[in-house]
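Enquirer: Now for the letters of each chain:
Protein chains: 2
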Amino acid sequence: MARQINIRLVFQQRLREARLRTGLSQKDLGIEAGLDPFVASTRINRYEVGVHEPDLSLVSRLAQVLGVPTAYLFCEDDRLARLILAFDGLSIAEKERLLKSLESKKSKRKSTVKS
Amino acid sequence: MARQINIRLVFQQRLREARLRTGLSQKDLGIEAGLDPFVASTRINRYEVGVHEPDLSLVSRLAQVLGVPTAYLFCEDDRLARLILAFDGLSIAEKERLLKSLESKKSKRKSTVKS
DNA sequence: ACGGATACTACGAGTTTCGTAGCATCTAGA
DNA sequence: TCTAGATGCTACGAAACTCGTAGTATCCGT
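Top to bottom, those sequences are chains Z and S.
Every letter in the first sequence is one number past the one before it in full-length UniProt numbering, and letter 76, counting from 1, is 76.
Every letter in the second sequence is one number past the one before it in full-length UniProt numbering, and letter 101, counting from 1, is 101.
Be a bit skeptical, because a hint or two may be false.
Simulated coverage check for chain Z against chain S, where a stretch passes if three residues somewhere in it have a Cβ under 8 Å from a Cβ of chain S [to be verified]:
hint : region
1    : 14-27
2    : 33-45
3    : 71-82
Here are the simulated DSS-like pairs of lysine-lysine, each with C-alpha atoms no more than 27 Å apart in a straight line [what the hints assert, rightly or not]:
hint : chain 1 : residue 1 : chain 2 : residue 2
4    : S       : Lys27     : Z       : Lys95
5    : S       : Lys105    : Z       : Lys100
6    : S       : Lys105    : S       : Lys95
7    : Z       : Lys105    : S       : Lys27
8    : Z       : Lys95     : Z       : Lys105
9    : Z       : Lys95     : S       : Lys100
10   : Z       : Lys100    : S       : Lys27
These are calculated hints, taken from the structure and not from any lab test.
Ideal Cβ positions, reconstructed from N, Cα and C, are used throughout, including at glycine.
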């Protein structure tokens, strides 16, 4: 009812979106992620179009090249995606401070959120 | 140099960790995620042990049963994992407020973070 | 000691992705 | 305009992977 999100579609979109942000071509992204230059274009294209799914180790290398945490590529929720990127830019001290603040007031709210 | 994290290992650990938090057995987790009861135990076990990788649609269903965002299962960084869980418990208004605050002060810091 | 629940694994069958070899479109330069 | 290069994309058989089956081992409660 509420949520039947297609995670594969999410992955495709986040991947393409992040690649375009870096300005890389499909081929160059693949090459920088360690793929053979002769197959890089083909394979990255298939991941963005949704024909195939890459295995986790490649996903991780792609994320590194794209400058995002691996988790970012699997965010169904745009707010969560934004959060991850913003958090990524913080210093360790700032991260800890934010976590402390968030985790302290948890369980206060009952979370009447619907989605 | 710095980071050669094994994302597969991360996935295994987050999966098991989240399952134990819910108190479900490997079998029951699989069943609730829609697997045939006769293969549920076997398959979930292989994912936790790292023998095989599930496809994205199953990962998504597992995350739903476990009550975490799909992205959570791919967090290399513990701090990011904590953040995602904490963020998940906020109301939409609180999420927006937090994002606004984080995104406004971005680009102020140069992010001298090393890891 | 028994039965049941849980975690785990080898093996062949089945399903998926991979590499190859292309095609179509667009742009820049001759 | 014609060509060359870059980019995005796809069908096909081969290769690599996961799947279901059929088990084993261990622990726990009765």
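Enquirer: It remains to establish, for every hint, whether it holds in the given structure.
Expert: Hints, verified against the model:
| no. | hint | result |
| --- | --- | --- |
| 1 | 14-27 | violated (count 0) |
| 2 | 33-45 | violated (count 0) |
| 3 | 71-82 | holds (count 10) |
| 4 | Lys27(S) x Lys95(Z) | violated (37 Å) |
| 5 | Lys105(S) x Lys100(Z) | holds (19 Å) |
| 6 | Lys105(S) x Lys95(S) | holds (16 Å) |
| 7 | Lys105(Z) x Lys27(S) | violated (34 Å) |
| 8 | Lys95(Z) x Lys105(Z) | holds (16 Å) |
| 9 | Lys95(Z) x Lys100(S) | holds (16 Å) |
| 10 | Lys100(Z) x Lys27(S) | violated (35 Å) |
Hints 1, 2, 4, 7 and 10 from the list above are not met by this structure, while the remaining hints are.
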